[in-house]
Amino acid sequence: MNRPIVFITIAYSLGIIAGKLLNAPLWCLLIAILISSSSLLYAAVTGSKTSVFLLVLFALAGAFAFQISGLIHQDGLAPLAGRGVQAISGYVADEPKYKENGVSLKIKPDGIAGGEFYVWLNDPDFKINYGDNLKLRGELSEMQTFANPLLPRGMKSYRFLAIYYEPLPGNRGSPLKKIALGFSREFNGVLTKILPPREAALLGSILLGTTVSPLDDETKTSYRRAGLIHLLVASGTQVSILIGVCLGLMRSCRLPDWSAILATSLFNLLLVVVTGGGASILRAAIMGEVMLIGLLFERQGEIYTTLAFSALVLIIADPNTLFDLGFQLSFAATWALVYIAPVLGKKMPQLLAVTLAPLLATTPIVAYNFSQVTPGGIIANLLVIPWVEFLTVFGFVTTVLGFFFLPLAQLFGNTLWLMLVILERIARLVPALPGACFYAAAPSLIMVGGFYAGLILMVEFLKKGGELVVTRKRLAFALLIILPLFVWDRAFSAPASSGRQLTVTFLDVGQGDSALIELPDGKKVLIDGGGLDRVKEARNDDDPIGSKVVVPFLQHKGINRLDLVILTHPHADHLGGLNKVLAEIKVDGVLDGGQADNSRAYERFKELIAANRIKYALGRAGQVIDFGPEVKGYILNPSEPLLRDTNSDSIVMRLVYGEVAFLFTGDLGFPGEERVLSLGSGLRSTVLKVGHHGSATSSGGEFLRAVAPRYAVVSVGARNRYRHPTRAALERLAAAGAEIYRTDLNGAIEVKTDGRELAIETMK
Amino acid sequence: MHKLFNSLLDLIFPPRCEACGKSGPEALCPECFAGVRFMKPQYGIHCAAAYDGAVRTALHRFKFQKRKRLAEPLGILLVNYLGQAPALKMKEFDSIVPVPLHRKRLRQRGFNQIDLLASVIGRYYELPVVPSLERVKNTRPQFDLPKHERFENIKGAFRVCRSKEVYDKRLLLLDDIYTTGATAAECVRALTIAGARRVEVLTLARAA
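So the protein sequences, as listed, match chains A and B.
Going by the working numbering, 164 is the number at position 178 of the first sequence; the sequence numbering is gapless.
Going by the working numbering, 334 is the number at position 102 of the second sequence; the sequence numbering is gapless.
No lab work stands behind these hints, which were simulated from the structure alone.
Virtual Cβ for every residue (Gly too), placed ideally from N, Cα, C.
There's no promise every hint is true.
[To be verified] Here are the computed lysine-lysine pairs in the DSS-like style, where the Cα-Cα straight-line distance is at most 25 Å:
no., chain 1, residue 1, chain 2, residue 2
1, A, Lys618, A, Lys6
2, A, Lys449, B, Lys298
3, A, Lys333, B, Lys300
4, A, Lys121, A, Lys164
5, B, Lys254, A, Lys332
6, A, Lys449, A, Lys206
7, B, Lys387, A, Lys450
8, B, Lys298, A, Lys35
9, A, Lys450, A, Lys618
10, A, Lys142, A, Lys618
11, A, Lys332, A, Lys206
12, A, Lys85, A, Lys6
13, A, Lys35, A, Lys85
14, A, Lys450, A, Lys572
15, B, Lys336, B, Lys254
16, B, Lys298, B, Lys336
17, B, Lys272, B, Lys235
18, B, Lys336, A, Lys35
[Stated by the list, open to error] To give a feel for the contact side, a few chain B residues facing chain A, derived at Cβ under 10 Å:
no., residue
19, Gln297
20, Lys369
21, Pro373
22, Leu377
23, Pro378
[Unchecked claim] Listed next, the stretches of chain A that the computed footprint assigns to chain B, with coverage defined by at least 3 CB atoms under 8 Å from CB atoms of chain B:
no., segment
24, 187 to 197
25, 282 to 293
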């Protein structure tokens, strides 16, 4: 073994993964550690090979460390949440975030181990700094999380509703962090003097990451879609460049080596502190430090060992880092530059090789986490990589210059501005190219592993200098390897749909409605898009339910196109998230209830339909939608003349597939139910999406008798202020003999049917 | 303690051949070592190897990247050369005189590479290494200059500082690279004036 650290790191990582997957009891692990260490001892004494036992021991240590880390993390706030009004004192744990109508603070409460919460104060003039002590009275509650298939559950976090707040004397911030915050503030201050705000934030992110200069989600999304997100978040490369520049400067001052190394190390530390120490920065910083220490002891690093060593330091410090997206992307990209790029460089231009290699290595990670594949990234990076390093150094020098002599920096600012605008253009235009960015169902872990195995095989093959001659034997060999991969993939994934299957997923969108119908012939229909009901005047399409739940869910499903979107009625908790859907995903047609509404969100909905040339139709009782063989959608409500009651004018659709029927009712209330009954069409359904989140004034007895649902789904948020679902409605549903599922208790509810049998799966 | 620390460093910086980068415990791997082209003496000047390939890389790293561990294999290279050079009988010498660096340069680099090489040879043949020369002019590096300026550049750069150790002694002058011979000639001149009985010149490499 020439690179012991590489093997140790791999063993330790595998151990962590095994610890996560198997979750073996600790005493089991301890016994295993005992056994392997005694075998190690035995092997050492008898003089046989110890390396295998050593690696096993490292793997076990990884598993052990991972499980211990889960135990240490404790949630001290849980007992306090939902306890009514209480007084809490603590200090501000992060830079306050000022908005035009108030300020958001992260509070570390006193006397509570493990836990921080956020508080929003409706006072933009309230002067408070990081580290200041604060006294609060109010209610602590758990922040809403959503349990949906394919989407991460979201970290448990807490929010404090303050009715009284008072700053207390004293400040408890860490001096290091204060320096970092002060530096960030100064840095951003200079940037905004050199450049317009947009470009300033962009350059700030490129130089020191988004912790220093926050960027809006929309910009981040467009860079992600262009395959350029590494410029904004993974500033590891920038750190390496800056360290190199610093060392060069120090050495050219003819200082003795040790002092140049010390100074550069301090600069390195400063960068880590200022940038907030994301995994990518830490990787670069540790690798840089290894290089510096090597210089001190007249040693030279070996790149794989250095890379593995920095990974090992990070995962020993916190085993969970291994599952950190930034960690994975950063190491994959660096590994690719070292391992793949030189080999590719022999077959193609150098520039293409260094662009392609990191993209190849990071694609599975992005696909797995975002269901996103960005072939356009090749173009975007080819256009950007040749000059982005110059932009970094030039931008940094200009900003530092701005600290001392602003006018000159402003002069350079013009050039910077031009470069940044070009970058912006590339990030906006490339994803718009056909096929530049698309969504595909996330690959399974086995496929990801297979991809990397294939990649390594390819590189090894190219290394041997072999021309790719496809002989029958080789083809058969390749197929022998690839085919079982698919078989295993199938074997491990959920029982495959037997072709003609219809799936309805009632999403967990908190208080609100959203359901996705996947038809047997592959068509996709979305009914409502959820939305925060407190955003009365939802501006544009920034409803978090749309951007954080519905759109990511569709993308993770690999849905690039919706055949039909149905808006039952334009209330915020049904409409809010749809605007993001229309903006992000190609939609063929919209079926709208057409109820009168003058909200900004609805206006925006209409604008998006016009802008994207989406077919638009009003849904009216009597329409029948042909969803392919055997599947029909019958529209049962509203009917002319409308009732002028937005809820009761909801679109009601009965979806029939073979012997199974679904009834989607929107927010239908008693008047609407009467109207539907009076029309006399068949209502009998297997699954009822209960009207109006189970309010008292819907799901009347007569209506339920006509529907006679076997299953009732209530789409409702936990602890909502309407106190939905009501006991009255639940009792009526129970009396009608329906088995009740609730999104607040069950999370998302997935109903699968082949037209006869029905299977229900819940997320909680 | 020192050993433990070194093996810890070995773990993070796996030892490699300084010339070809292949991993292995030796500073100069057996292949690189075996690939060295030895040279025959010319005009009474003894140059061990041609200044190319592994020797060139190794010497460069030795001097400019401060890989002191290269002193050992490069010294052994010289010893190997001496073993098969009948004209130079080591028994006939009283001491080895390394070509010195100027004070300032020595401080910058931290060590004199030629001293280190000399001590390897000295240890092998049980000869004392006597730094009896001193560089009094901080000349520009010879490799920066065209041939005709080199003699001018180096003129008067050396002075004998321990004349007792030179007078009537048989000396082996050691340098790293021999190009035009300007440096060696100047040293030999200084030593001869100081009364050395015999001075022979040995260098590690000979540039073409």
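Now for the hints, and whether the structure bears them out:
Between A/Lys618 and A/Lys6 the alpha-carbon distance is near 45 Å, which puts this suggested pair outside the 25 Å criterion. At roughly 32 Å between alpha-carbon atoms, A/Lys449 and B/Lys298 are farther apart than 25 Å, so this suggested pair is violated. Restraint check: the Cα-Cα separation between A/Lys333 and B/Lys300 comes to about 38 Å, which exceeds 25 Å; the hinted pair is violated. Our distance criterion of 25 Å between C-alpha atoms is met by A/Lys121 and A/Lys164, whose separation comes to about 21 Å.
For the hint pairing B/Lys254 with A/Lys332, the CA-to-CA distance comes to about 21 Å; that is within 25 Å, so the pair holds. Proposed proximity of A/Lys449 and A/Lys206 is contradicted: the alpha carbons are some 37 Å apart, above 25 Å. With a C-alpha separation of about 54 Å, the suggested pairing of B/Lys387 with A/Lys450 is violated against the 25 Å cut-off. At most 25 Å may separate the alpha-carbon atoms for a hinted pair to count; B/Lys298 and A/Lys35 exceed this at roughly 36 Å.
With a C-alpha separation of about 59 Å, the suggested pair A/Lys450 and A/Lys618 falls outside the 25 Å cut-off, and the hint is violated. Simply put, A/Lys142 and A/Lys618 have alpha-carbon atoms about 41 Å apart, too far for the 25 Å limit, and the pair is violated. About 34 Å separates the Cα atoms of A/Lys332 and A/Lys206, which puts this hinted pair outside 25 Å; it is violated. At roughly 40 Å between alpha-carbon atoms, A/Lys85 and A/Lys6 are farther apart than 25 Å, so this suggested pair is violated.
The straight-line distance between the Cα atoms of A/Lys35 and A/Lys85 is roughly 63 Å, outside the 25 Å bound, and the hint therefore fails. For a cut-off of 25 Å, the pair hint linking A/Lys450 to A/Lys572 is broken: about 45 Å separates their Cα positions. The straight-line distance between the Cα atoms of B/Lys336 and B/Lys254 is roughly 35 Å, outside the 25 Å bound, and the hint therefore fails. A hinted pair counts as satisfied when its Cα atoms are at most 25 Å apart, and B/Lys298 with B/Lys336 qualifies at roughly 16 Å.
Between B/Lys272 and B/Lys235 the alpha-carbon distance is near 40 Å, which puts this suggested pair outside the 25 Å criterion. Between B/Lys336 and A/Lys35, the direct Cα distance comes to roughly 51 Å. Violation of the 25 Å bound is thereby established for this hinted pair. The closest approach between the C-beta of B/Gln297 and any C-beta of chain A is roughly 8 Å, which is under the 10 Å cut-off, so the hint is satisfied. Nearest Cβ of chain A to the Cβ of B/Lys369: about 20 Å, over the 10 Å cut. The hint is violated.
The criterion of a C-beta within 10 Å of any C-beta in chain A is not met by B/Pro373, whose closest approach is roughly 16 Å, and the hint is violated. A distance limit of 10 Å between C-beta atoms decides the matter here; for B/Leu377 the minimum to chain A is near 22 Å, and the interface restraint is violated. At a threshold of 10 Å, the smallest CB-CB gap from B/Pro378 to chain A is about 26 Å, leaving the interface hint violated. Coverage of a stretch by a chain is defined here by at least three residues with a beta carbon nearer than 8 Å to that chain's beta carbons; for the segment 187 to 197 of chain A and chain B the count is 0, and the condition is violated.
Here the segment 282 to 293 of chain A counts 8 residues with a CB under 8 Å from a CB of chain B, which clears the bar of 3, and the coverage holds.
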